[in-house]
Amino acid sequence: MSISIDLNDTKDTATLTLVGSFDFSLFNEFRTAYTELTKTYSHYVIDMQMVEYLDSAALGMLLSMRNFVDQESSIEIKGANDFIKNILMISRFDKRFDIQ
Amino acid sequence: MKLLCIDSEPVYQEIVALCAEKLDIQVKAVSTYIDALSAFKDYEPDIVTLDVVMKGGSGIELAKQFKVMSGARFVPIVFLSSNVADSVMDKCFQSGADDFIPKPFNELLFNTRLKTHLNHLQLMQEMYEQNKKLTYFQTVIQREHEMAHHVFNHIQNRSEKDSESVAITRLSAASFNGDLALIKTRSDGTRLVFVGDFTGHGLPASIGALPVMQAFFEAVDDLANICYLSAHINKILYSILPDYMFCAGYLMLISDRGRILYWGGGMPNALIRRKNGQMDSLPSMHMPLGVLSAKEFDVDLEESVLHDGDTLVVLSDGVLELKNSEGLMLGDTNMRAIIERSYEEKSLLVAQRKAEKELIDYLGESTQLDDITLVAIRNAHLS
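Keeping their order, the protein sequence lines are chains A and B.
Note that the first sequence covers residues 0 to 99 in numbering that gives the first Met the number 0.
Note that the second sequence covers residues 0 to 382 in numbering that gives the first Met the number 0.
Don't read these hints as lab results, they were simulated from the structure.
None of the hints are false.
If you only want the chain A side, here are some residues facing chain B, beta carbon under 8 Å, derived: (1) S55; (2) A56; (3) G59; (4) M60; (5) L62; (6) S63; (7) N66; (8) I89; (9) S90; (10) R91; (11) K94.
For each label pair, taking beta carbons as the anchor points, the in silico distance ranges come out as: (12) B/P210 / A/E71: 31 to 37 Å; (13) A/F67 / B/K131: 33 to 39 Å; (14) A/F67 / B/Y42: 55 to 61 Å; (15) B/G330 / A/N27: 28 to 34 Å; (16) B/G276 / A/N27: 45 to 51 Å; (17) B/M123 / A/E71: 52 to 58 Å; (18) A/E51 / B/H153: 32 to 38 Å; (19) A/E51 / B/M68: 45 to 51 Å; (20) A/L36 / B/E20: 50 to 56 Å; (21) B/K353 / A/L36: 49 to 55 Å; (22) B/C226 / A/E51: 35 to 41 Å.
We put the CB at the ideal spot given by N, CA and C, even for glycine.
For reference, chain B alone in the conformation it holds in the complex (with noise of 0.2 Å):
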């Protein structure tokens, strides 16, 4: 700890480093502005004790200098004068100074306000020192969420482009969660989707990505059933992820005759908008993929029939936990209300964006904290 004392009077001086010395400090002491100006500069002091008036200039013009050099270091200046007037005190603090003892002091006093400065100071050090390994990890976070981000999108660019039966929205928060949509049409007409929603943020969450894209890519070209795909992927989640993570997630399958066979665990119901405009329910029954062993798990599918004109949504939850500025989240109610409005629409990609801005309208103001997924299928070949 260095101290720099700049006072005309020797007395004051020997006092100041008397008392530092007591504390293990180091002092240096100086009696002009011309002096104080440079040992700031090359003793590089913790803390700085000076009186307002000096040879070759005034205190408080020096503390405002001294203000500048410092510039992010926290440095605390202490006046020590005699010349106690309100004004005075008043400049000072004005000038940036942190404390004002007035001459003659005691040196009990003394001791005691620079020992809280000194605490101040470590506080201050501490605090810059933390401050900067939290910089460095959030830099490191952030690069994490972007190779995420990168490995999703390069797997998201295999799935099916957009068209009048199938569209896909994907609206990605800052910190990235493990949202994934795949949809392929097999040589046999039949149409295979996978939207998945991995635990976690960032680098963990797309881990268990890459297998599960591999092992939904070879099923379309096998024309795998989803008895063995779901089974498939779920052993392949189990072995790779720690008991922490999983993946919730839809696989379906929907033939060109609209029949859909499905197997759902862990994500918000898929719905179907009837061209009539009534909403039915496509629950999923089981625990995410990954939970389970391979002898625990369970393959049972569900059915149900996509007609003509009709709309299948598939959601994240992060879709229902979007909060507006008020700080609700949109919920089940309000979703369905969104996608019965919004598919009503005969081009489906004009339906999405429909259903896209009114999630972006309700969000509002506030800011967006989870990636968010929306999926929605029509039989094209029923048209």
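Bound conformation, chain A alone (with noise of 0.2 Å):
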């Protein structure tokens, strides 16, 4: 499981790609990853194309990544499979995040 993040200042957005199993072991990397970046984007992508598992301690992340951003900025949630999109919409997630 890892975490890389992409800034791109043009498009002022900040992308976190995860690859392998969202999970609780992630609780601080994943809260590392957009906590300490030195400005606010407008956008955040956080792309899940290699993602195979996520479970609800993720969704929490999820959640306290939506409270620390600030509320104008968007997150968006890309490529998520089958599996993890029905997880987020039996949530409602598509209510706080833009789920493509």
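Relying on the hints, combine the two individually framed chains into one complex.
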């Protein structure tokens, strides 16, 4: 499991790419990934193309991120597989995130 | 760092001492079997060098003794010998030796080998320390899980007992997660149901359960409506839980005529198996409890009806995520089939055992990772 961060200042976008299983083991690393950016961005993208599994702890971590970044900033969840998309929709994360 | 050198030739004792002291290693040198045994016990060396031949016994026998005496401790044993026959070297390694350096040896080479063994030793020591810490934390977490189990069982005991109209199955996994199922019939004959799934595992998952239980039983006594109760529980959890924790759940009110009013957030679809085998979904429409502030919280309720012979089934996501021995998740389709088959049974208790058995059969040899909860309700007043 790993997180890589890609910052694009021209597009004002920070992209977090996750690989592996998104669960409690990523708790600190995930938080650090968005809290230690030097500036706030108006778009955040969480790329989940390489994520196979996500548990309820990961949902909590996403909510925590939503609370941390500016309300005006959008957070897009991109590339989630059907299993993950279903979990996100069951918990109505579409109300707080832009699910693509 | 302490080195024990066992050699009958004083010149080799000196060379070893010279090399070792350059690496800041203390050295004790002995020359006989008996002295070696007592020195190993009293001096407690971190590493040993020895010859195959010595007064009073063989080095090979000595190496075996040392391996036994050091127990779980890793003490590298390095043979230094002029007897380089393959069969001798083989015996040395069979006896537990970690290295064999032929005499006469080059000082530089001996130093390099010594450093390698010291590195191993350091790694082993670090591993040992880490292991000790891990074992400690594992014990702590195990305790916490037991405690959480205890708290949940206490809460669960206040729920209605299994009957022909209510059946609750909870299968506990080794790592405890926060499934909670509460059912109670109110004084007006209406049944209040709460099935919840807290985020996380162990003690943290059980923190929210106590105030939820209290709110639930107060609502039973006060005949409170579920608009109020869902908002109330949401508010409690929103205020006490950190933002990364919440509780997915269904709150249901089932009248003695079978009318169902419910609020659902973050749960897999509850299902009704109709008497004729048809399956209807009762989807949960909201975000889980404890996520939204009181202002944003949505109390919109859904409705359904439980007719005579119908079975309402609510399950936690642990059920759908059960993995069989091939690592495949049970999933929605299989679960529906199990429900359709099991609850055809006239007796709810028999049906529940049947469903449990199907889940356990599906699991097969694999280990259950999450707790699972399966709640089934029929309307006794109708039959």
